[in-house]
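Respectively, the protein sequence lines represent chains A and B. Everything in the first sequence is counted per the working numbering, starting at 8 for the first residue and increasing by one. Everything in the second sequence is counted per the working numbering, starting at 6 for the first residue and increasing by one.
All the given hints hold, so there is nothing to weed out.
Derived lysine to any residue pairs resembling SDA-like cross-links, with alpha carbons at most 25 Å apart:
1. B:Lys275 x B:Tyr64
2. B:Lys266 x B:Ala239
3. B:Lys213 x B:Leu91
4. B:Lys266 x B:Tyr118
5. A:Lys60 x A:Asp93
6. B:Lys275 x B:Thr175
7. B:Lys266 x B:Glu245
8. A:Lys203 x A:His315
9. B:Lys213 x A:Asp139
10. B:Lys14 x A:Pro264
11. B:Lys213 x A:Ala156
12. A:Lys203 x B:Gly39
13. B:Lys14 x A:Gly322
14. B:Lys14 x A:Arg333
15. A:Lys203 x B:Gly37
16. B:Lys178 x A:Asp147
17. B:Lys213 x A:Gly212
Since the hints were made in silico from the structure, they are not lab data.
Residue strings, one per chain:
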Amino acid sequence: MISVLVTGAHTPTGQRLVHSLVADTRVRHVLAVDSTEPPEPPPRLANRLQTMKVDLRSSRTVRELLFGPARDLGVEVVVHLAQRGDARSRGRRVHKANVDALRSMLDLADRHPTIRRVVVRSFAVVYRVSMDLPTLVTEDHPLNLAPSAPQYVRDRVEADLTACTRMGLIQAEIVVLRCAEAMAAGTGSQLYDYLKAPVAFRPMGFDPMVNVATVDDLVAAVEAATHGSGEGVFNVPGFDTLPLTAAAHKWGTRMLPMPGPLVQPLYNLRHRAVGSSFSYGLNRHRMHFGLVLDGTRARDVLGYTPRHPVHWPHGRAARAPLPTVRDGAARRAK
Amino acid sequence: MPFPPTIAKAISRLGGRAVRDRAERLAFADAGHGYDRFGMHPDFVAVGDALVAPIYDHYFRVKSYGSEHIPTSGPAILAGNHSGTLPLDGAMLFLDVLRHTDPPRVARPVADYFVLALPVVSTLFARSGVVGGSRGNARALLEAGELLMIFPEGVPGIGKAFSQRYQLQTWTKGHCELAIRHGAPIVPVGIVGAEEQMPQLARLPAPKGSPIPYIPVPATLIPFPVRYHIHYGAPIPVHEDYSPDQADDPAVVAEAAARVKASVQALLEKGLAERKGIFR
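Only chain A is shown next, with the shape it has when bound in the complex:
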C-alpha cells in the first residue's frame, strides 16, 4: 500500500487519475493538489483522499507541502501533472509553474524521508520534428532545442531535461512519461485545439501521420509508472495512429488545404478574431512531417500498452494495431 501525491489534480487527466487511484486497493491515501480550489472529497472517501489548493510556483510552498502533509501521510510517490496548458501563455510566472515547481520538487525529494519515486508527465511536443528525422520516435530522438521555439515548447523541454538530469543523482527514482496528445478538452493538446474548430487550415500537399491518445490511456500509463520500479524515460503513445486528414474527417472538422505561406497568417488572424489557442507556429513542422511515438520501451518495462481508442464522433474506432507485416497478411487473408 502506498500513498500518492498528485499535482495538477484538477486537470482532466488529474481528476481521472485521482479517481482511479482512490479506487485502487494498492493505494492507501491520495493527496490531490492543484493551483485552483479543488472540490471537497465525498465523505465516504475522506479517509483516503485529501485535496488542497497549492501554488507550486513558490519553492517555499512546495517545501511546506512536501515536508508537511505529504510527509505526515507518508507519501511515497509524487505524480507531477501540473503544467500550464495554454500554448500562448508566456512570461516568468508561467516558467515558474512549468519548470521551477518541478525543480523544487526534485531538489526536496532528494532529502525527503518518505518519497521514493517521482513520476513526471512530459509531452511529445518536446521532440524535434524534421524531414531528416524518423517518423517513428523512440526515446533517444532529438529534442526541440531551437532557440526560436515558443515558451510552451521550451518550458516543456526544460522540465523534461530537468527531470532527466536528476536521474540517478537523487535518492528518489524518476520516471518521465512523454505522452501523446489526448483528444480531450483541457489537456493542453494542440491537436485537439486544432481540430475543435469547424474548419482547419493545413499546408497543401501534406498529410502527416499523427498518434493520439485518450485520457484513460494516459492515466493507465501514469498508474503503471506509479506502481512500477526503476527509472527512465518512456514514450506513452495512444491507440490511434492515422493521417491528420483522416483524424479531421473522423472528428467532423472540415479541412481546407492552403498554400503553406498563407496558413500562419490565417491562424494569426483567427487568434485575433476568436482567440483560438492553437498556435500554427508551434506546430508548423508537425503539419508537414509525421511524428508517431514508439511505445516499445513503456510496454517492455512498465507493462503499458494503449487499450482505449479515441471515440471519433464521425468515424469508426481503430482496430488493434498489428506489430508485423506477417500479422497483417494473416488478418487480410481472413
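Based on these hints, arrange chain B on the given structure of chain A.
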C-alpha cells in the same frame, strides 16, 4: 491527403482484377485505421500498381530474372544501382517485387530527405510505402519484418552522367550496417536499361530554399522506351556472416558493402552481356 482511400480504391480498379487481388492480399502492419505507422495504405499501393503497370508492361517492357531470391517473409534489404534522371527504376522495381512475391510484398523505398518536403509527392509516396531515409525509420521497418528498397548510390547515382552509365558511384554503407544489426539478408539487384533511359546533359543549381538538390537538364523530355531487365542475385547473408555487434565495426561494414557492390556490379555485367540491345 490528395484523395481519400475510397477514391484510391476506385482508381485502382482501373488496373483490373489482378491489382485488386494483390491489394487484398498485401502483407502490411495495419496501425488500426487501415494505414501503417508510416502512412502506407493498401489502396494507394494498388493505385501505384495500376498506374505504373502500363509503363512497366508496355513502355519499358520489364523482364525480371531471379525473383525467387526475394524472401517471402521476414526482414530483408534490396540493394540496387540507381540511375536515369527520374527515379523510374524505383517504380519498376517496386512493381516487379509486388508482382513476383506471394503474398505480395511492398519493397519499401527508402527515399532521400528532400522527397519528404515535396508537397503532394511526399504524401502520395508515403501512402505507397516510401519512407524517409533516416536510420530510425529503417530500423523500425526491419524490426517489423519489412522489405526495404535501398539505392546505396543515392542522388549521385540518379544524377550520373551518360558516360558513367553502369559504373556504380559512391556506394554508401548504411544498408550493410542495418542488415548486420537487424538480422536481414541483402538481395543485390542489377537494373539494366534505366541507365540509358534519360541521358543527362547538365545539372543546374536548385533555387535557394528549394528542397530539391539540383535541377536536371535531360537530353529528352520523356524517357527513351528502353527495355528494363531486373536481375536479382542470391541473398548475401551478412546477418549470418557477422554478429550484430560487428555492425559498429567500420571495417566489417565496409567489407560487407564491398561484397554487395561487387554483386550488383556482377549482375549488371551479366545483364549487359545477355541483352540484345538497349530497346530489346
